[in-house]
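K.L.:
Since the structure of chain W is provided, determine the placement of chain L on it from the hints.
Protein chains in written order, with our numbering: chain W, 678 to 867; chain L, 88 to 144.
Please note that a few of the clues may not be correct.
No more than 27 Å apart at the CA atoms, straight line, and that leaves these computed lysine-lysine pairs for DSSO-like [to be verified]: (1) W:LYS751 to W:LYS683; (2) W:LYS751 to L:LYS137; (3) W:LYS683 to W:LYS822; (4) W:LYS718 to L:LYS128; (5) W:LYS718 to L:LYS137.
Don't read these hints as lab results, they were simulated from the structure.
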Amino acid sequence: MAKTIKVDSVNVERVSQGDLIKDVKFIEYAIEKNGNIEVSKINFPLIIILTQDCDLNQDHKFRKSDPPKSTHDKQLMSVLVAPIYNVEHFYDGKHLSEIGLNMEPFEKRPRKTKNKLFIANEIPRYHHLRFPDDVPLVESVIDFKHYFSVNVLYIEKLKKTNFVGKVSELYREDISHRFSAFLSRIGLPD
Amino acid sequence: MSQDKIFSDEYSGPENKTAASKHVSKHATLEIDEKKYGLNKPQRIILSGKLKHGEDN
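Looking at chain W on its own, in the form it has when it is part of the complex:
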């Protein structure tokens, strides 16, 4: 049985690690050629903030400082996030079908070892999420391989209207720890 995480609903001004924000746009590319411009972006229905909370806090303090700080030393260039997918779409491998990407179907049968490992968060790439009943979120999965970055001020402004909740501290630390372990893994030859 999957563990249920805890989610805080209080929305504060600054972006925090563990924030869940809906409808976040990721700019795939912006290209200009011969006077023609094309911008491609992907709308992710739900993301989680992964950047370290102390970095986000310092960035916010430096940006909002009055009088302004003498340097911009602690300001961030971007905020790291990861998409969250509906686990039912994920099991089918169709969670990115609308953007033309087919993923490998994942073992859905709960008695199978691979599914048990997934639900127990023992597969490094994925983090399974089950939310409490009072949180309007379906059972989901974070795919750490799909992390991307967004503009700091963009996400701060978006949070005012699109904040869904914040994964509470213990659970967000678990996610952060697993994400860093995934990123720092060492690929060995087959």
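P.N.:
Frame of chain W, contents of chain L only:
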């Protein structure tokens, strides 16, 4: 222009009338009806347009 101004509520768009953003047209837009978050899949939106040059160019 600073990013603070671009992302502020008061920002109404590029001051230069020749800027491309004045002339973009949306090929695809999405209206996502959500009753429960996370039910939808990621979607791609492509904006495109042509740069129009003003008299001063």
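K.L.:
Against this structure, judge whether each hint is valid.
P.N.:
Status of each hint after checking the structure:
| no. | hint | result |
| --- | --- | --- |
| 1 | W:LYS751 to W:LYS683 | violated, 30 Å |
| 2 | W:LYS751 to L:LYS137 | violated, 38 Å |
| 3 | W:LYS683 to W:LYS822 | holds, 24 Å |
| 4 | W:LYS718 to L:LYS128 | holds, 14 Å |
| 5 | W:LYS718 to L:LYS137 | holds, 18 Å |
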